[in-house]
Structures are given as structure tokens and as C-alpha cells.
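One letter stands for each residue in the lines below.
2 protein chains.
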Amino acid sequence: MAIGMASPLRGRLLVGQSGGPTVVINSSLVGIIHEALGYPEIEGIYGMRNGILGALHEDFLDLGRESPAVIEGLRYTPSAALGTSRHRLKPEEYERVLQVFRAHNIRFFCYIGGNDSMDTARRLEQLAKEAGYELRVMGVPKTVDNDLTHTDHCPGYGSAARFVALMMRDTGLDTIAGAFSTPVKIVEIMGRHAGWLTAAAALAKEGDEEAPPDLIYVPERPFSIARFLEDVREVCKERGRCVVALSEGVRDEQGNFVAALSTATDAFGHRQLGGASVYLSQLVNDELGLKSRFEKPDTIQRSMMICASPVDLNEAYMVGRMAVHHMMRGVSGKMVTLERAPGPAYYCTTGLVELEAVAEAERLLPPEYLDERGHPTKAFLDYALPLIGGHLPPYTHLKGYPVPRLLGG
Amino acid sequence: MAIGMASPLRGRLLVGQSGGPTVVINSSLVGIIHEALGYPEIEGIYGMRNGILGALHEDFLDLGRESPAVIEGLRYTPSAALGTSRHRLKPEEYERVLQVFRAHNIRFFCYIGGNDSMDTARRLEQLAKEAGYELRVMGVPKTVDNDLTHTDHCPGYGSAARFVALMMRDTGLDTIAGAFSTPVKIVEIMGRHAGWLTAAAALAKEGDEEAPPDLIYVPERPFSIARFLEDVREVCKERGRCVVALSEGVRDEQGNFVAALSTATDAFGHRQLGGASVYLSQLVNDELGLKSRFEKPDTIQRSMMICASPVDLNEAYMVGRMAVHHMMRGVSGKMVTLERAPGPAYYCTTGLVELEAVAEAERLLPPEYLDERGHPTKAFLDYALPLIGGHLPPYTHLKGYPVPRLLGG
Chain A
1 MAIGMASPLR GRLLVGQSGG PTVVINSSLV GIIHEALGYP EIEGIYGMRN GILGALHEDF
61 LDLGRESPAV IEGLRYTPSA ALGTSRHRLK PEEYERVLQV FRAHNIRFFC YIGGNDSMDT
121 ARRLEQLAKE AGYELRVMGV PKTVDNDLTH TDHCPGYGSA ARFVALMMRD TGLDTIAGAF
181 STPVKIVEIM GRHAGWLTAA AALAKEGDEE APPDLIYVPE RPFSIARFLE DVREVCKERG
241 RCVVALSEGV RDEQGNFVAA LSTATDAFGH RQLGGASVYL SQLVNDELGL KSRFEKPDTI
301 QRSMMICASP VDLNEAYMVG RMAVHHMMRG VSGKMVTLER APGPAYYCTT GLVELEAVAE
361 AERLLPPEYL DERGHPTKAF LDYALPLIGG HLPPYTHLKG YPVPRLLGG
Chain B
1 MAIGMASPLR GRLLVGQSGG PTVVINSSLV GIIHEALGYP EIEGIYGMRN GILGALHEDF
61 LDLGRESPAV IEGLRYTPSA ALGTSRHRLK PEEYERVLQV FRAHNIRFFC YIGGNDSMDT
121 ARRLEQLAKE AGYELRVMGV PKTVDNDLTH TDHCPGYGSA ARFVALMMRD TGLDTIAGAF
181 STPVKIVEIM GRHAGWLTAA AALAKEGDEE APPDLIYVPE RPFSIARFLE DVREVCKERG
241 RCVVALSEGV RDEQGNFVAA LSTATDAFGH RQLGGASVYL SQLVNDELGL KSRFEKPDTI
301 QRSMMICASP VDLNEAYMVG RMAVHHMMRG VSGKMVTLER APGPAYYCTT GLVELEAVAE
361 AERLLPPEYL DERGHPTKAF LDYALPLIGG HLPPYTHLKG YPVPRLLGG
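Chain order of the listed sequences is A and B.
Numbering follows the working numbering, with no gaps: position 220 of the first sequence is 220.
Numbering follows the working numbering, with no gaps: position 329 of the second sequence is 329.
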């Protein structure tokens, strides 16, 4: 070997998807595959089935044998093509995974996921280093919760936020039209700890303070049932209806999840765990005497490809490509980040951050994104609007010229 | 007046929207307005606010004063621009409505709605006739439930069915990817008596018998909780996951709504009425020990413009136009229908049916659209596919080439 010219690391690349699927997590997978195809040192591209479980059980797919058309098509196919899991490796399982990596000569490992996954990736890299096994590890961010630190936003968020904005606007109009029959609607939105996705409901207002959603509750602020009921009553009095965007993760002043308060036992001894919206909707009916319905789109929020943000699709692909790009230049132990360029026009480039810095950390909505009521501020809307691909398709509304009444009574 | 040449009926046209909003009910409104603008006998176009309540309370909007751009834009704006209600006129209120009609010289009345609304329209026409007040009345069909008789299908259905098909396919893929964590998902679909919308979930399979949804329950068949649990257990055993499309209206052998079985009382004495999916999801957790989640998109199903079927948008507009077209040629007391042309290519023209024939009548899924399990047949899919605008956007799936295992254990 010539002095000063280390032979490049050669071996297989392994990629896995972890945690909740999104509309764009396959775009990141495709980005990784497309970039990997350009390097002769990568002697095979393997996909790990069901997240880290695939490594534990030696359950790999040979992605290099797939047709280019199938791979390209995955960019517009939601959910996680490799399957995911939420398994967290036990200490003894890390050893096993490294053994599997050695057996298959896995030298490049890309893990697409949230902060748990970044932690797993970090530990694997550490363990390999200790064992003297040369392994490069890169994290690729993904989460509709948008709660990873050190990145402007997370791939997956823009599309889920676009679903939430479109859905809230449309279901809000539905409530306005039918407010005579059912004035209250509570829409439960994903995000157990962070309110990023719930806050996206405010994009449905499109600058019209009077437009639905009328009330927004994020988990960053303590939730009071008494105040909630008062809020709903007041909005109904003023606007004749009340559309609520409610985080699934709202908690009372004591830190108890409101969803857990709905625990009840039916005649058969089964618990009723419908979630916060089911419970609060019933309370509105019973306590305020206002007819209320709830909507719980749950995983539909992170699934609907027709609502994908084009910005999100592109960025998810880009972070996948950049993970391999950096890895093939010797980088390891980092996660690719998205960095928003300054200035009024939206543009993102990528950066890198230590896995250690993002692992297990959680980014909640910062104070400047919430007003005194806990509603999203203009600063938040400016942040989020480009991520969903800009303004929603335009609607029109009747100006409404009343006809003078001719009869009494 | 010259003998044999009756002077044409002149006066104002009144239009109202009734029942649950849809994605295309405004298209019907626009069709009515656009057609009405072509007849000098129509001396004004009024919109009735909140369905028949607007007539009762003399609450009209002058639609003739709206800008053409606002009207055109309503074709792509979901929900009911005039507002709706579910109010049913009491006998004495019919008299009042007729009085209001007289005062405003309403001579043409178009009512967009379902079978209840057709009944209201029919009674009004009858009453006017008895009172010697010349009034032409036309019904324009609308319902996501698709349960009106004498028409091939109802405007509103195609778009809601397209939402259901898109949503089921995507949320089904989500479950497949995450089946290791949560293998069961129950999606509750609208339609209290008729299973047309729930059946549309089968369009998500796109001919793949193994694709989600794995189980479909329509209200046309009695529902057994014991058999349901058995079905879920079996599907999970075979496929490792079970995605269920469940009608909100499923009833047990005694005719009790399963949703009502979920009635329980919590510590505060409130009833829990989360619906059938909440209840059954909990049962799957508790009785089968399988982790289950539920999704209840509720009115989102009928609201999301981004999922609109182009066929549905066009047909809704067409039935609106045709209602006025026929009315101005002397027709009254009828509802416009959609008639599917025979042959393999999909094409619909309009027809007419007596309001009396559709009022209060309900069309359930016919036997040939359900197989012995109660799942939709190919005949149903052939019926429904053109209504959602044809095949869903294509997805790709990994062929999946397993890598041989190198290690034991």
C-alpha cells in the first residue's frame, strides 16, 4: 500500500427505516440507493427488514437486484418499503448486530429515522470502533413530529403538515356549513410531546383570523378541561360554531394525558381508550349541551401520498443522497440536517450534526412560535408555509348579498 | 293573451343545499346558477341559507350579484356555500314557506340534497299546486351515501369513494410497514344504513386479493362480534396484520348498532360514544391480545377537495344545469338522475324521475355487489371504479430478493 494513500473502504451498504412511516421515507431510501449506485467501493446495497430487527435476525433484501423502475416508483409510494419497527436493541443485541455486519461485510450503514434511531446508530458506530471493525454510520432524519434537534425541520413533517392544513380547511368548511346541526368539531392530531403538527392546523386559516380552526391546543402548554369548555362555549357564542385542532398529547396541569382520563370500563369490563378527542367531544355534548363530533385521522395523517408536499419529497430524497455522499468521503457518526438559507425565498441546503447531539433529544415548539393563548404565531406560519409547498389551492367564498326581508315574523 | 300561447312563467329562482355537505355540492349550485343566467324569464337567482331554514326565516342571498369568478371558484371549493341544515318542516311551516315564496315571487325552486330533501321538495310542490300558486320544483341529487333510488349513482359519492380508496390504500401500507408494532387497524367509514362508501374501500386493493383492507364490514349484513374477532385473529395469523374497513352502521343480529354497545359511563358519569371502531379496537386489544389502533376520519371523508373525483365534479355540475334546463321547459316535481350508458366505456347522461319515487326511499347495496363474506364483488368494483375517476395513481413495491443468511441462530 502506498504511503499516504490508504486503500478506500470497500464493502456493502445497509439501509434501514425505523419508527412511524411517512409519505416521503421511501424518497430517502431511493436517494440512498441512487447515490450508492455511483460508487464502485459499495459492493452491494442491502435493505434491512423491519428496522434494526432485520439486522438482529439477518433479514436483508438485496436492493441492487430491484429494477430501476421499481426503485424510482418508490419515490411516489408512501409508507416504509422495507418495513419498520420500534424495537430498541438490548446491550447484548448490539453485539449480535455487529456480528451480522461482519458476516455480510457491511461497511456502510444508513439509518432513516427519528431520535431513537439516531441513538441506535450512534451506539453501533461506537461499538464497531471499540471492536476495531471499520464501519461508517450515517443518520437520515425522518419524523412527522418534526422534533429532531439541530435541523431546520425533518423530512416527513412537510407532507403530514400539508395533510393537516388541507384537511383542517376542508373539514372546517364542512362544520361552518352544518353548524346549525352540529356546531362543534374536535380534530385530534398526532404528536404526543411536540405540537409541530397540531400547529400546522393554523395554516388552514390562510391569514383569516376568523377561519377555522377556532381553537388550537398543543402539548407544549398545560391543558385545562374547564378552560377548554369555556373556550368552546365562547367561540360558539361568537361564531356559531367551534372547530378545534387538538394534539393527541395534551396534558393537564398535573401532567396527566387527557387521553388517559377517558379511561372507563364498559359493561364487559373493557377499557375505553378512544383518545382525548373522543372524551372531550362527549364532554362538550354533556356539559355544554352543544352537539359535537370528533375526527381522529390518526396514521392517515402520515400516509396520504396525494397530500405530499413537493418540497418534502425532494428534501427527503436529497438527505438520502447526501448521507451516502458524505459517507463515501469518510464521514461517519453524523446525521444529515436541513439548513434553511437566510432571506425571503425558501431554499434549503444540507449540513451535518453529530449523532450524539440529536440522539434522544427532542425539540418542542419554541416560545416565539406560540402566542399567549398557545396558538401558532405568524413566525411559525412563516416557518411552516414553505415546508408544505406554499399556499393551499385557492377557494372562493360567496360575498353574500342579503335579500331584504319582505315579511314580518 | 293570445290563445294557444301561454305567457311563460316568470319569477325568481331559489336554490338550496341540504343535508351533509360534499366535495361537489357547490358544483351543482354553480351548474344551476350558470344555466339560470341564460333565461330572461328568471328574474333573479336567490340562495337559501341553511337549507329549508332559509325559506322559513326568509334568509336569502342574492346570488346574481356575486362575481362570475367567485361562482366559478365554488366548483373547486368543498362544503356547502349556502350552508345546510337537517331541519324537517312541520306541517304548519310548509304554509309559511309558501308565503315567503309568494312574497319574493319565487317560481323556480331547486333543492340539492338526499331523500329527505326530495320529500320536502315534493310536499312543497304539492302544496303550491293545491294553493293555485304556479311553482316549478326540481330535485338535484347529492349524497356521499349513494343511497338514492332511480339513479345510477349520486353526485358526492364518487369523490368520497375516491377519498376512501386512496386513504385505505395508504393507511393499509402504513400498517403493513409497522405490523411488527401494531398489527391491527380498524378504519371507520361513513354510511349508517348503506354500505356503498365502505365497499369503496375494496378499490384500494386494485385487484390484489392479498392487499389491504383485509376485512370489510357493511351494514347490509348482520355483524357478529365473535365472528369479527375470529376473522381478525385468522387474518393476522395468515398475513401478520389485519386492516379492517368498518361501516359506522354495523349492527348485530338483533339489529343493535355496535356503536351503541360502546356506551359506557366514566368516573364523571359521562357516556363514552366513540363509535364502533373505538369499541372494537379495544376488544381486539383485550380479547385477542393484538395491538390495535382505530381511525375515524368522519366528515373528512366527504370534505377533502384534493381527493375529488373529476368525474364526480363534472356530473355534479351537469345535474345542476339539467335541473334548470328541464324546469325552463315546463318540467316540475322531478329529480334529475344519472343514467349510465351501456357498454365498456363509462359515460353518463341524465334522466328524470318523479320526486315521489325517490323521497324517503333508500337504496342499499344489492346482493350481487356482495359475496358470501359480505365483501364487495368484482361487479361492484366495475360499477364504482369509473365513479372515482378510474385507477388510483400507481405505486411500486419491492420485489424483495432475500439475502441468504450466513449465520445461525
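Possibly wrong hints are sitting among the right ones.
[What the hints assert, rightly or not] Under the rule of at most 16 Å between Cα atoms (straight-line distance), these lysine to aspartate or glutamate pairs were calculated in the EDC-like manner:
#1 B:399 with A:252
#2 A:129 with B:206
#3 B:378 with B:206
#4 A:399 with B:206
#5 B:399 with A:59
What the hints contain is simulated information worked out from the structure, not anything from laboratory work.
Against the structure, the hints:
{"no.": "1", "hint": "B:399 with A:252", "in the structure": "violated, 48 Å"}
{"no.": "2", "hint": "A:129 with B:206", "in the structure": "violated, 48 Å"}
{"no.": "3", "hint": "B:378 with B:206", "in the structure": "holds, 11 Å"}
{"no.": "4", "hint": "A:399 with B:206", "in the structure": "violated, 43 Å"}
{"no.": "5", "hint": "B:399 with A:59", "in the structure": "holds, 15 Å"}
When each numbered hint is compared with the structure, violations occur for hints 1, 2 and 4.
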